[in-house]
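Asks: Top to bottom, those sequences are chains A and B.
Under numbering that gives the first Met the number 0, the first residue of the first sequence is numbered 0, with each subsequent residue one higher.
Under numbering that gives the first Met the number 0, the first residue of the second sequence is numbered 0, with each subsequent residue one higher.
Honestly, the hints are just simulated from the structure, not real lab data.
Small disclaimer: the values here were computed from a predicted structure and weren't measured.
We treat Cβ as the ideally placed atom computed from N, Cα and C, and that holds for glycine.
One thing to keep in mind: the hints can contain errors.
Residues of chain B clear of chain A, computed beta-carbon distances all greater than 12 Å [as the list claims (entries may be wrong)]:
1) LEU7
2) THR26
3) CYS34
4) ARG71
These stretches of chain A come out as covered by chain B in the derived footprint (C-beta under 8 Å, 3 or more residues) [what the hints assert, rightly or not]:
5) 12-21
6) 639-653
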Amino acid sequence: MTPPRLARALLQFLARPHQRQPMLDDLEEAFVRESATGPLRARLWYWRQVLLGIPALIGMRLPRRVGPGPLARGFVIDVRYALRSLARTPGFTTVAVVSLAFGIGASTSLYGAIRVALLDTLGVDRASELRLLYWAGPDPLRVSQYNSGGYRDPATQRQFRTNVSHLTLRALIARDSASVFGFNFRPGLIVEGDGVAPVPASGLLVSGNAFGVLRPVVALGRGIIPSDDEPAAARVAVLSQRFWRSAFGGDVSVVGRSIRINNAPFVVVGVMAEEFAGLSMAGRQTPLADVIAPVAAQPQLWSAVSEEIAEQGRQTHVLWLRVMMRVPPGSVESDYAATTTRALAASLQETGVTTEAEAREVRVMLRSGARGVDSISGVADKPLRVLGAVVGAVVLIACVNLAALLLARGVARQRELAVRQALGAGRGRLVRQLLAESLTLAALGGAAGMALALVARPFVASMLQAGLGTEAATLPLDWRTLAVAAGVTGGAAILFGLMPALRMTSGGLVTRLRQHMIGASAPRLLLGRVLLALQIAVSVPLIVASLLLLRTLHNLDRVDTGFNPRGLVMFRLDPAHALAGASGRRGPVSPEAAKALASRLLQRLEAAPGVVSATLVENPLLSGFYSNNLAVINGREVPMHMNGVGPRFFETLGMPLVAGRAPALDDDDVVVVNQEASRRYFGGSPIGKRFRAGRRDVEIVGVAADAKYDGVRSGVEPTIFDPYMQRAFNRELNIVVRATTRGRPLEAELRRAVADIAPSTPIVGMRTQSEQIALLAGRERLLARLLTLFGTFALVLACIGLYGATAYSVARRTSEIGLRVALGATREHVLWMILRSVFVLTAAGLAVGAAVSTISGRLLQSLLFELEPTDPLTIAAAAAIMFAVSLAAGALPARRAARIEPLIALRRD
Amino acid sequence: MPTALSSLELLTLVAMMRLGDEAYAVTVRIEIQSCTGRDISIPAVYAALDRLERAGLAAPWLSEARPERGGRARRQFKLTAAGRRRVMHERESALRMWASIPLDRSGRKS
Numbered sequence: 000m001t002p003p004r005l006a007r008a009l010l011q012f013l014a015r016p017h018q019r020q021p022m023l024d025d026l027e028e029a030f031v032r033e034s035a036t037g038p039l040r041a042r043l044w045y046w047r048q049v050l051l052g053i054p055a056l057i058g059m060r061l062p063r064r065v066g067p068g069p070l071a072r073g074f075v076i077d078v079r080y081a082l083r084s085l086a087r088t089p090g091f092t093t094v095a096v097v098s099l100a101f102g103i104g105a106s107t108s109l110y111g112a113i114r115v116a117l118l119d120t121l122g123v124d125r126a127s128e129l130r131l132l133y134w135a136g137p138d139p140l141r142v143s144q145y146n147s148g149g150y151r152d153p154a155t156q157r158q159f160r161t162n163v164s165h166l167t168l169r170a171l172i173a174r175d176s177a178s179v180f181g182f183n184f185r186p187g188l189i190v191e192g193d194g195v196a197p198v199p200a201s202g203l204l205v206s207g208n209a210f211g212v213l214r215p216v217v218a219l220g221r222g223i224i225p226s227d228d229e230p231a232a233a234r235v236a237v238l239s240q241r242f243w244r245s246a247f248g249g250d251v252s253v254v255g256r257s258i259r260i261n262n263a264p265f266v267v268v269g270v271m272a273e274e275f276a277g278l279s280m281a282g283r284q285t286p287l288a289d290v291i292a293p294v295a296a297q298p299q300l301w302s303a304v305s306e307e308i309a310e311q312g313r314q315t316h317v318l319w320l321r322v323m324m325r326v327p328p329g330s331v332e333s334d335y336a337a338t339t340t341r342a343l344a345a346s347l348q349e350t351g352v353t354t355e356a357e358a359r360e361v362r363v364m365l366r367s368g369a370r371g372v373d374s375i376s377g378v379a380d381k382p383l384r385v386l387g388a389v390v391g392a393v394v395l396i397a398c399v400n401l402a403a404l405l406l407a408r409g410v411a412r413q414r415e416l417a418v419r420q421a422l423g424a425g426r427g428r429l430v431r432q433l434l435a436e437s438l439t440l441a442a443l444g445g446a447a448g449m450a451l452a453l454v455a456r457p458f459v460a461s462m463l464q465a466g467l468g469t470e471a472a473t474l475p476l477d478w479r480t481l482a483v484a485a486g487v488t489g490g491a492a493i494l495f496g497l498m499p500a501l502r503m504t505s506g507g508l509v510t511r512l513r514q515h516m517i518g519a520s521a522p523r524l525l526l527g528r529v530l531l532a533l534q535i536a537v538s539v540p541l542i543v544a545s546l547l548l549l550r551t552l553h554n555l556d557r558v559d560t561g562f563n564p565r566g567l568v569m570f571r572l573d574p575a576h577a578l579a580g581a582s583g584r585r586g587p588v589s590p591e592a593a594k595a596l597a598s599r600l601l602q603r604l605e606a607a608p609g610v611v612s613a614t615l616v617e618n619p620l621l622s623g624f625y626s627n628n629l630a631v632i633n634g635r636e637v638p639m640h641m642n643g644v645g646p647r648f649f650e651t652l653g654m655p656l657v658a659g660r661a662p663a664l665d666d667d668d669v670v671v672v673n674q675e676a677s678r679r680y681f682g683g684s685p686i687g688k689r690f691r692a693g694r695r696d697v698e699i700v701g702v703a704a705d706a707k708y709d710g711v712r713s714g715v716e717p718t719i720f721d722p723y724m725q726r727a728f729n730r731e732l733n734i735v736v737r738a739t740t741r742g743r744p745l746e747a748e749l750r751r752a753v754a755d756i757a758p759s760t761p762i763v764g765m766r767t768q769s770e771q772i773a774l775l776a777g778r779e780r781l782l783a784r785l786l787t788l789f790g791t792f793a794l795v796l797a798c799i800g801l802y803g804a805t806a807y808s809v810a811r812r813t814s815e816i817g818l819r820v821a822l823g824a825t826r827e828h829v830l831w832m833i834l835r836s837v838f839v840l841t842a843a844g845l846a847v848g849a850a851v852s853t854i855s856g857r858l859l860q861s862l863l864f865e866l867e868p869t870d871p872l873t874i875a876a877a878a879a880i881m882f883a884v885s886l887a888a889g890a891l892p893a894r895r896a897a898r899i900e901p902l903i904a905l906r907r908d
Numbered sequence: 000m001p002t003a004l005s006s007l008e009l010l011t012l013v014a015m016m017r018l019g020d021e022a023y024a025v026t027v028r029i030e031i032q033s034c035t036g037r038d039i040s041i042p043a044v045y046a047a048l049d050r051l052e053r054a055g056l057a058a059p060w061l062s063e064a065r066p067e068r069g070g071r072a073r074r075q076f077k078l079t080a081a082g083r084r085r086v087m088h089e090r091e092s093a094l095r096m097w098a099s100i101p102l103d104r105s106g107r108k109s
């Protein structure tokens, strides 16, 4: 039997280095002896040893003489007294510790999440010096972009883009190779080797000087060097630590090994250290890098780009590389931006992308690259800021609640404290004792909160991953997190402890000596009631926010997507890998071979049990992705959304055709447009009309009903559906299947079907359409869940607080109530008298809370759907809930008050 | 005037004197518990030993490698000469104080 790991870890953390191992060994020896009493008792004994030893362990880190000082002795006495006093009121102590634990646990977890998602930077030297290049030129620009980012400047509304051509990149690097490098993400690779089954991987292509600029730490072998980035150089790759462990089992002999990436031979030359995982913080579209290769490997790894270059006959207008630079310390950023602008404009002009006049309009923006490309995404930004506000509110609610409870509790001790002061105790000494009690309570709550945060770590991580799409690494649990927890705990203790402590030791001694708990001379505790109203005021925005998000989710669910998402399953695979098959040789994919493969695959899938129909699509619907291109209609250039679709697409997705027909399998140069396109550009009757879509002249043969494309929130844009089979397949196939079965049986059948046609090609990203839609609303769902949880917590605390305040008020007014009843007041009258005070308190809190909600609601605005943050129905619902809670809280004391027998009551005072 | 010892430190010194060569945190703790009934945590004993070491009253030494500790040695403590003198001094002071008090439980001075 081994000692409890957490206790052991705590001891290891707190003990001084030279004592650590001996102490652990001694404890283990004693633990073995204790095991004779039973495993549970032994574990409890161990925990007790560690917890009771904490003051000693901390004390050993402080410089001290032999013997405790008077202050320490006093403090120890105070803490012991506090523990005994708290043990006498288990109900109060439990409520206090649990509410603190909730608040502190929540803030500690959230801090970890914020660190990972918002604050942590790339794992390179001085990441704050890194900048990402964004540029804006004349619009529209006739260029092809691959995996590009964009940014609309809110001030000028100009659209900035990230990508440049390889020629432009070389020009920029030539001017300053020590600071400027190029890169881009290339997800969807397949890595295999001897003893390594084909596994999907995300790639990062970097220019040869990238490692020199970034200076990341390499754990094994070496990084990419400039000589690797030559067209004739042997193909090399560097693995990330994580990928090396998962795919290669952490084998240190991997350096120098030959592997195949997308069927092309590469040699592994190095493995990165843990902290460097690419140039993103793991957003959904920019995953962590598994494999890093030089830009020169683009023909092997990104054939789509090569084919586009071949088709265009030139590479000047194929923009597939992003630019990052390191701004040296001490340099003026605007100067840097200016020189970069000049260099970029010159290159754009030389390569013919812009004219000389247009080149003058080129503007450059250097945005922070400390978090890689995800500085801009902001996907996690908003929700985490909202969460931060929420957790702050929760901690505040817990503290205010505790302050009110402590105040009420303190009334019983007023006399005791007054007596002690009368006997000569200094006010300071008494305040210290009361603060020790608060600190003890806070420490207990803090410890429980830390434990809660620890236990919740995996849940919080997976919640964040599902909600924000980040591959959140395990949340950090290091000295910084502990410091935050300790800080919050200490702050809370002072917040809720100081005021009651000062209050209970102030005022005239005589008055306080005469104070009773019962009867009219008991204090009214106005301050306590104000605190309760404040608590309600802070809770209301939480409840309103939670209701707003729940309604948003409901609204999102109700959106008519324009097709039938139920029963759809989708997945991706790499056709080039499938075609390379047994030979292992991967060449350019000929359209005929690709069409044949696709046909065989779809045929085999449709033969699988449970499958109704199968089709291909370029961008699965509601995945957040879309393609667009320029179309020329009646001489006018208009941007249009496009989606390549396979045979039986409309029927598989349940998207009705309102006119004409779907393209047949061997139809050439025909397209289907949606109703929006038909209305906007073709006067409502587009069948038979011809126009130029991208580089092809096409004829419209059908009109599809309007349907959502990239997301539920976006409106319907004019869209062209062109037959995917007409295109050369140089990228992954997205396959969509409609089936009558679900779950694992269906998944097994689909995998079997694919394996029949492409035995060794891995299937990636299998999910249902419903799961895909849920992913899109991940943030809203996450926030709704958390807000509901915290809102409920706030309501429970408010309920307890109101109950306590009402019960106290009834006790205080017992004789008054007895008198009223004796004078003829009815039970209903008494009931209403008590409940009215509860409602007044609630109403006061609600008024302030509703006002705060209108302001705090703006934080949520971008997350809401078809709902205003000041929606009156929602606020009214929150008010109703609050009143219901206060009714529940006040009901029991009010009933007790109504049952007071006048004779007994009057005799009491 | 020597620096004051806390009650735990004094008990630790006396326990070490009683245990002789067998004195380390585990045995010191058991000794104190069996004689006084006080349940001290092992880290607290370490803290006391640490302070005694700094005051020059105790000194650590390592036992031979112990297989049950994975081949590691035990960190044991012995009294220094100053420590032994201190124990005797405390004993004599206590005996002088206690001498005037009989063992009569009524508390009356006879």
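Asks: Against the structure shown, which of the earlier numbered hints fail to hold, in ascending order?
Replies: Structure breaks hints 1, 2, 4, 6.
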